[in-house]
Amino acid sequence: MRRSPYTSIQPNETKGIVLSLALHVGVVAATYVSLPFLRKDPPEQAPIILELVTIDDITAAPPKPVPVEEPKPAPKQPEPEPVKVADIAPPQPDQMPPPPDFKIKEEPKPEPKKPAPPPQKPKPPEKKKDQWADLQSLVKDLEKKETKKQNQQQAAVPQDQAKVIAPNISDKATMTELDAIRAHIEACWRIDPGKEGIDELSAEVRVYINRDGSVQQAQIVDMGRYFADSAFRTFANSARNAVLSCGNIPFSPQRYDTFKDGIVFNFSPQGRVN
Amino acid sequence: MDPVITQGAVNAVGAANHLSAWALFMQADLVVKIVMMGLIFASLWSWAIIFDKVIRLRSLSRQAEDFEEKFWSGSSLEDLYERIGTKPREPMSAIFVAAMREWKRSAAKPGAVSNASTLAERLDRVMKISLEREMDILQRRMIFLASTGSVAPFLGLFGTVWGIMNTFTAIGATSDTSLATVAPGIAEALFATAIGLVAAIPAVIAYNKISSDLNRYAVRLENFAGEFGAILSRQLDVRSS
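Here the protein sequences line up with chains D and Z, keeping their order.
Residue numbers 1 to 274, in my numbering, belong to the letters of the first sequence in order.
Residue numbers 1 to 241, in my numbering, belong to the letters of the second sequence in order.
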């Protein structure tokens, strides 16, 4: 710029620009590194009761096309039979697998409080009954009678399942969303319970779902073992197929964000095969 | 309903879950992005001006003190003029140099001193022009601070309105009015206003402060010019008598 020779010398102005840049970068970095207000995780959502179901409803809930079988006196004596190669072994009439154990872990954030955090389902029936007895002896008697009757009459899966779920919800007869999902997928899982060492196995499957509840992707978490261990591979495939073949997962769209980063299902027959 | 639009809206809403500043920026509409970038640039530039002006004013007032000390120390003004030469470092010495130069030129011409009143007038005019030029340089870019302070909130508001329009379009496309659909779009839209205010508030405060400081400095220069003019005209009277 041309200027009169007697104007004062102007200091250069890059200092201000550099300082300004430093200030902005500093502020942005601070918001990312230390200041929590822009990084705050979405507020935790209180558990939403998906359905109000009575025990009867749950009993009817998994509408599995199970071949109705005649009651067998002793269905629980699975001899270690020759291993099947098929990934999904269709349930055999004699050895209908009792509903397998499901633990659902929510990856992003475990629910802060659940009205009735469902205790481990996979416990053997006897144990459960004992616990139950501690709580209410009178109800226990009733329950026992009922379940015994059921057991004797049919060993079909839905009834068995109902028996397992019943204690959780007997008070209020409500079911959390996770329970609904669990029951939904449980109904689709077929395993060969006679397989050797199957009760030692458990597989985690991470499931990504779309907004409409359809399954986008189901990944087996332990891929190393998947390639190394053929028994685990078969088992994990059956678990994955259960998820993939199960159709849309029931959940409320408002809660999609909770499930967006994937739900981890833990498939484990342990304690149920004996 | 156009399925493509619907799917896009669903995806946009589905992705709009992390509300960090960067995510809010990235998932914004192009128009909103441009608005945000403009506002960020305005903030950057106005802070550059603020830093520049504050640093400059501080050093100027220090230099003015130094100069006044030298000026009133009783040493010869000729010596001072020689020392500063033609490269004054700050406005006050620039005014001094401008007046001294005019004085010396007039004094060098024989017979020029005879008309003392015109010389004094000339000296005043030279000092006034020099002062105005210096103040003009100092006040440069202050207008950017003023405009940022008044325009940035409106610009941010424009981004917000645009973003909310998009949100409502998405609601219309998906027919889903759940909070999860609406909230991210609104948060993203409000982010534009937030940036606008972040740019505007410091600009307004700094504009007020810096312009009052500049005024005070200008008064100081004027006072110096007046005093120096008085000294020179007294000198003229002494010489002509």
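Don't take each hint at face value.
Claimed, not checked - Each pair of labels, with its calculated beta carbon distance range:
#1 V33(D) - L190(Z): 21 to 27 angstroms
#2 A228(D) - M37(Z): 50 to 56 angstroms
#3 A107(Z) - V25(D): 54 to 60 angstroms
Simulated from the structure, these hints should not be mistaken for laboratory data.
Even for Gly, the Cβ is constructed at its ideal location relative to N, Cα and C.
Okay, the hints, checked on the actual structure:
Take V33(D) and L190(Z): their Cβ atoms lie about 23 angstroms apart, and the range 21 to 27 angstroms holds. Checking the proposed 50 to 56 angstroms range against A228(D) and M37(Z) shows it holds: the Cβ atoms sit about 51 angstroms from each other. Separated by about 56 angstroms at the C-beta atoms, A107(Z) and V25(D) satisfy the suggested range of 54 to 60 angstroms.
Violation of the numbered hints given earlier is absent; every hint is satisfied by the structure.
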